[in-house]
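Start from the sequences and build out the full structure, keeping to the hints where you can.
One letter stands for each residue in the lines below.
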Amino acid sequence: MGDWSGYLTLILQGAWVTIKLTLMGSALALVVAFVAGLGRISRLAALRWLSTAYIEFFRGTSIFVQLFWIYFVLPMTGLWAPTPMQAGVLALGLNVGAYGAEVVRGAILAVPRDQYEACIAVNLTRFQRMRHVILPQALPLMLPTFGNNAIELLKATSVVSLISLADMTFQAQVVRSQTGSTLLPFVTILVLYFAMSSVLSLAIRSYERRVTRGLDGVR
Amino acid sequence: MDQPIIRIQNLRKSFGTLTVIDGLDFDVMKGEKLALIGPSGSGKTTILRILMTLEDISGGRIEVCGEPLYHMTKNGAEVPADEAHLHKMRRHIGMVFQHFNLFPHKSVLQNIAMAPILTKGEKRPDAERRARELLDMVGLADKADYMPSQLSGGQKQRVAIARALALQPQIMLFDEVTSALDPELVEEVLEVMKRLANETDMTMLLVTHEMGFAHDFADRVLFFDKGRIVEQGPPDQIFTAPQEDRTKSFLRKIIAAGQRV
Chain P
1 MGDWSGYLTL ILQGAWVTIK LTLMGSALAL VVAFVAGLGR ISRLAALRWL
51 STAYIEFFRG TSIFVQLFWI YFVLPMTGLW APTPMQAGVL ALGLNVGAYG
101 AEVVRGAILA VPRDQYEACI AVNLTRFQRM RHVILPQALP LMLPTFGNNA
151 IELLKATSVV SLISLADMTF QAQVVRSQTG STLLPFVTIL VLYFAMSSVL
201 SLAIRSYERR VTRGLDGVR
Chain V
1 MDQPIIRIQN LRKSFGTLTV IDGLDFDVMK GEKLALIGPS GSGKTTILRI
51 LMTLEDISGG RIEVCGEPLY HMTKNGAEVP ADEAHLHKMR RHIGMVFQHF
101 NLFPHKSVLQ NIAMAPILTK GEKRPDAERR ARELLDMVGL ADKADYMPSQ
151 LSGGQKQRVA IARALALQPQ IMLFDEVTSA LDPELVEEVL EVMKRLANET
201 DMTMLLVTHE MGFAHDFADR VLFFDKGRIV EQGPPDQIFT APQEDRTKSF
251 LRKIIAAGQR V
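Read top to bottom, the protein sequences are chains P and V. Note that full-length UniProt numbering gives residue 26 to position 26 of the first sequence, counting from 1, and the numbers run on in steps of one. Note that full-length UniProt numbering gives residue 62 to position 62 of the second sequence, counting from 1, and the numbers run on in steps of one.
Among these hints, one or two may not hold up.
[Said to hold, decoys possible] Calculated from the model, a selection of chain V residues having no Cβ within reach of chain P, i.e. all distances over 12 angstroms:
no., residue
1, Gln3
2, Glu83
3, Leu185
4, Ala256
[To be verified] The following label-pair restraints were derived from C-beta to C-beta distances:
no., chain 1, residue 1, chain 2, residue 2, range
5, V, Gly59, P, Ala53, 34 to 40 angstroms
6, P, Val31, V, Lys120, 31 to 37 angstroms
7, V, Arg12, P, Arg126, 23 to 29 angstroms
8, V, Gly76, P, Leu47, 31 to 37 angstroms
Calculated directly from the structure, the hints in this document are not laboratory data. Cβ atoms here follow ideal geometry from the backbone N, Cα and C, with glycine treated the same way.
Okay, structure coming up:
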């Protein structure tokens with residue numbers, strides 16, 4: 001039991017990897033969600049088609065398989081051999097981004113037609129309409145679901161242990177096999193996962209409060 | 001007052017198989033105040049929406065300030081207008097909507113100052129100073145920092161008028177601007193519009209069910225039915241000595257409903 005602090009350090013190192021994966025994966029997912037979400041409602045048929053194909057593909061296949069493709073199959077093409085961390089961020093970001101894209105699209109379409117017409121009447125360009133009127137009203141509609149997506153992403157990070165990236169779950173397995181204790185490492189990571197997701201949902205909820213200020217009574 | 005500022009020729013508009021405007025012709029002179037009246041579904045709101053480029057046309061031709069609205073010349077040939085042409089033409093025209101359509105996430109001041117900053121490149125302090133002047137004109141100088149959700153319907157509509165005026169359009173379209181208001185709030189909006197009509201030489205087109213107001217406001221009244229002009233003339237003539245049966249029966253119903261004409 002005296003070695004426990006050493007094992008805890010191991011798990012905390014894994015926790016740091018999990019946090020990095022979550023943050024970078026979420027950042028990528030956010031960018032991808034906006035690009036593909038806007039692409040889906042673009043006037044250009046090619047963009048719409050491309051976005052739809054991406055969304056359907058990444059929602060319709062398992063993240064586990066996607067990760068294996070990125071990490072093991074992609075290098076075979078000779079184009080690029082990602083590190084485990086790069087592969088993990090890419091798989092998580094692209095997978096969750098596909099769900100996020102549908103959220104972006106839904107929220108934009110939920111802004112009333114009235115608002116588009118008001119934009120035309122004050123002669124805003126298409127870009128200005130999006131930037132100054134539609135997106136600021138669509139964002140509060142996206143945030144609750146984005147919060148869910150971010151927590152889903154955090155929980156999905158454990159999949160990277162399968163390409164031997166030493167995240168929190170991977171380290172718990174290491175501790176388990178070295179000490180023979182299952183309860184202790186897995187209780188520890190249970191608590192840590194829950195703490196991380198709590199921080200995530202608190203952060204998103206407080207941001208939500210900030211961007212919806214003044215919109216009360218409208219929705 | 002020589003050249004018409006709006007010229008509508010053989011305009012047609014249908015939604016699917018439903019024809020709402022059927023071969024319409026009329027001109028509007030610069031500075032003229034026009035009231036468009038008629039039963040619901042007669043196409044009067046559609047005309048304003050077409051002038052604001054919120055709807056496509058199905059046929060015919062419209063000129064605004066001497067230039068075609070839905071057409072442009074490309075390599076010597078006339079082709080349907082693209083977004084850039086529409087954007088250019090929209091500078092001439094402003095619109096006030098039945099349901100105000102204020103931007104709910106922007107303060108009253110931002111609602112008014114945003115478009116001049118974005119579309120005319122005005123400096124923020126200048127645009128905001130003008131916005132405050134306009135708010136003062138519509139009697140809402142103390143509401144600059146409110147959010148739209150904190151205003152009454154009449155106040156919202158006056159902000160919407162100020163927002164449209166901020167771009168200094170030559171033509172203003174008012175689409176049933178008092179129809180969504182509680183009766184006791186109608187007067188404050190009409191008051192603002194009356195002042196505008198008297199104090200500016202802006203060309204104004206008004207779709208309304210307030211016949212009394214149309215009578216006071218307009219230089220010319222157009223009575224619409226089924227997408228065509230049935231009768232037009234000065235308000236005194238239309239409201240007190242209409243010629244056409246359809247105009248007479250429409251006005252009878254309005255008077256029976258208790259309205260002053």
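To see whether the hints hold, each was checked on the structure:
1. Gln3: holds (23 angstroms)
2. Glu83: Check fails; 7 angstroms does not lie beyond 12 angstroms.
3. Leu185: holds (17 angstroms)
4. Ala256: With a cut-off of 12 angstroms, Ala256 of chain V remains clear of chain P, as the shortest Cβ separation is near 33 angstroms.
5. V:Gly59 to P:Ala53: 34 to 40 angstroms: Given about 38 angstroms between the Cβ atoms, the range holds.
6. P:Val31 to V:Lys120: 31 to 37 angstroms: Cβ of Val31 of chain P to Cβ of Lys120 of chain V: about 32 angstroms, so the range 31 to 37 angstroms holds.
7. V:Arg12 to P:Arg126: 23 to 29 angstroms: holds (27 angstroms)
8. V:Gly76 to P:Leu47: 31 to 37 angstroms: 33 angstroms Cβ-Cβ, so the 31 to 37 angstroms window holds.
In summary, the structure is inconsistent with hint 2 from the numbered list given earlier, while agreeing with all the others.
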